[in-house]
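Start from the sequences, fold in the hints, and give me the full structure.
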Amino acid sequence: MILTEFKPIEEILERLKEEKVVFIMGCGGCPEGANTGGMEVLNDMKTKLEENGIKVSGVIEIDFLCQKALIRSRLKPRKQEIEAADSVLVFSCGLGVQASSAVIDKVCHPALNTITFGGITGMWQGTERCDTCGNCILDLTGGICPYTACPKKLENGPCAGQGNDMCETDPQRDCGWVLIYKSLKRLGQLDRLMQFIPPRDYRKILPSSELRKTRLWALDEEEAE
Amino acid sequence: MNTGKKYLSKLEKSLDEGKFAITCEIGPPKGADQEEIREAAEYLKGIADGINVTDLQSSVMRLGSLATCTLLKQWGYEPVFQMTTRDRNRLALQSDLISAYTMGIRNVLAITGDYTTVGDHPQAEPVYDLDSVQLLWTMKTLEEGKDLSGNDLTAAPKFFKGAVVNPGADTEAAYELQIIKMKKKIEQGAQFFQTQAIFDAEVFKRFMDRLEKEKIDVPVLAGVILLKSKGMANYMNKFVPGVFVPGPLIEKMDTTGDKVATCIEIASGLINEVKPYCSGTHIQALGWEKHIPAVFANIK
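Chains as they are written, first to last, in my numbering: chain A, 1 to 225; chain B, 1001 to 1300.
None of these hints come from the bench; they were simulated from the model.
There's no promise every hint is true.
Derived contacts from chain B toward chain A, CB cut-off under 7 Å, selection only [unchecked claim]:
| # | residue |
| --- | --- |
| 1 | T1112 |
| 2 | E1172 |
| 3 | A1173 |
| 4 | S1229 |
| 5 | V1260 |
Given the structure is predicted, the values throughout are model-derived calculations rather than measurements.
Backbone N, C-alpha and C define an ideal beta-carbon position, used for all residues, glycine too.
In structure tokens, the structure reads:
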């Protein structure tokens, strides 16, 4: 199971501050097990957003958000709700946010931080890769992860090493930042590239000792009192 | 005219006073021999406002930029300390910045650095704890008397901060990203830029026009590499992204009877062409430092 935790509500509201209408999407896979998903969690967020003056055009849970074909088919009947929204708030691991971003023409904000994959990479093996950094910024980068798409893990734009939009480390590999540029251009969000992203907090990569004492971390560990 | 303004470095002064500034790049040797550096520096005496020292260029292990800059400073030259974020995490980067300041080094050039696999230690861990924009932000933070965790410094360093931009990015996305990143670098404190090597003055002029349109008004030093041979030109066209040597120049190097004279002629010609459009030039002699005086003898 992929372990995720809630982003602080303050962080979510900060990232949604430009939005008036939001569509909420949850993954019915791992987050349900990690207590960061399920309809109750999604509806709870709906209430919180509405209390803060943000309208919610719809709420949906999909098994699994790591599979793009499934997201496409399940969202087909909900097209109007998505179109009515300024952005989408996604309750899933980084793979789900990336896969959602790839098939939805709206910014997908991560509602969760991904802490660890516990040995697996999504229920569905796709092209998306998550670094389980615990500090998800996929909505600032067009749904492309700068930590896994760029070998240098650059956060504020590319190096000058790319040629013909390919990476300096491998001419067969797309430049991650060109992908980010193209994705943000598609979303009409190129101005997001001007936002300075401070260095990431590597402490967030380490799961907390509280978490390591629970069954979420290992089934054979005693649940802490 | 003496405006009474205090400058951190000769380079800052030259740029501020609108003089055509010259920086020359030297690469430290692979080993502990200092003579090579001393010799290269002597050729640049009286020409360069700053001697720009590469930081494990092309990810090849060698004598460090900080030590080389310190030597140059001791010998009476003005160094530009290149700093990549490839090999050090934020503790080491901050510490080396403070160290550089205590050694009298004031010009610092923030760059990301080539990936580890292109160099002679391809097995090494690529660090990149910070990127070049964050390194500029780090300098700004240290100048405010704080480290990146908000702790007070006993005394704050102060730097003349530079960065790099590539006017020859080869696709729309890559070009736009260069402009965006340049703006971010300025926002985080970049005070001058040096460019990736240019060979086509038109490409450079178009870039400078774009900067004018964007109202970007930071001094830009045009990057010039001494073209030593046809083989070098072909190699760069094939392997160095963002660098394009036009056919006529390659032809010129191929047919010349005097490679050195032609090399000097090309470099001088290029500098004369771009001079009206920029604040200075950054020269990479790649071992041909002894020919730099001849290049500048021809500058109008």
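Verification of the hints:
1. T1112: 4 Å, holds
2. E1172: At 9 Å from the nearest chain A Cβ, E1172 (chain B) fails the 7 Å test, so the hint is violated.
3. A1173: Where the cut-off is 7 Å and the nearest Cβ of chain A is about 5 Å from A1173 (chain B), the hint holds.
4. S1229: Check failed: Cβ of S1229 (chain B) comes no nearer than 22 Å to chain A, outside 7 Å.
5. V1260: At 29 Å from the nearest chain A Cβ, V1260 (chain B) fails the 7 Å test, so the hint is violated.
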